[in-house]
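Enquirer: Each chain, letter by letter, is given below.
Protein chains: 2
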Amino acid sequence: MIIARIHVTLKQSVLDPQGTAVTKSLHALGYSEVDDVRIGKFLELKINTTDRGAAEARVTDMCEKLLANTVIEKYEFELVEA
Amino acid sequence: MIIARIHVTLKQSVLDPQGTAVTKSLHALGYSEVDDVRIGKFLELKINTTDRGAAEARVTDMCEKLLANTVIEKYEFELVEA
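Protein sequence lines correspond, in order, to chains A and B.
Residue 41 in the working numbering sits at position 41 of the first sequence, with consecutive numbering throughout.
Position in the second sequence (from 1) plus 100 gives the number in the working numbering.
In short, the hints are calculated from the structure, not lab data.
Please note that a few of the clues may not be correct.
[To be verified] To spell it out: a stretch of chain B is covered by chain A in this simulated footprint if at least three of its residues, at any positions, have a beta carbon under 8 Å from a beta carbon of chain A; those stretches are:
no., stretch
1, 111 to 118
2, 132 to 144
3, 174 to 182
[What the hints assert, rightly or not] Some chain A residues near chain B, calculated using beta-carbon distances under 10 Å:
no., residue
4, Leu-29
5, Asp-36
6, Gly-53
7, Leu-79
8, Val-80
Every residue gets a Cβ at the ideal spot worked out from N, C-alpha and C, and that includes glycine.
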């Protein structure tokens, strides 16, 4: 079993209104040291295989096809043996 | 400047319908080796301080008060010097 830990985040040039909202809420709560917040997704996939190389290719494929919108998002992942 | 990388995920005992939907979509696309998907949030906070100890306490506070719903979610974070 391999676990893929995937981070999908907005590209740096894309506005993040959700992050802006959280920044404002943190300021309202008194956390004025917070300069910026960016919010993304974190996915954990359990993959039934032992072949790391194949898993890497397949996860890349999944990100490109379904998990990330590569027009506005970027993804990175790491594979962990479980 | 310190960057806090925060993962907010559903507790293991809590159902993740979004993850189930993604699992089904992956199966429909032919990725039958995917056994399970859990989906969480990933937040990156830029914090204007150089005091790691203080930052750790403040970020824990932010997670408890705003960023995570500790009834159903757990959080973990790491601090990175930027």
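Enquirer: All hints, please: hold or fail.
Expert: For each hint, the structure was consulted:
1. 111 to 118: violated (count 0)
2. 132 to 144: n = 12 at 8 Å, threshold three: holds.
3. 174 to 182: Result for this restraint: violated, n = 0.
4. Leu-29: Holds: closest Cβ of chain B sits about 6 Å from Leu-29(A), inside 10 Å.
5. Asp-36: Constraint on Asp-36(A) satisfied, holds at 4 Å.
6. Gly-53: Status violated, d = 14 Å.
7. Leu-79: At 13 Å from the nearest chain B Cβ, Leu-79(A) fails the 10 Å test, so the hint is violated.
8. Val-80: violated, 14 Å
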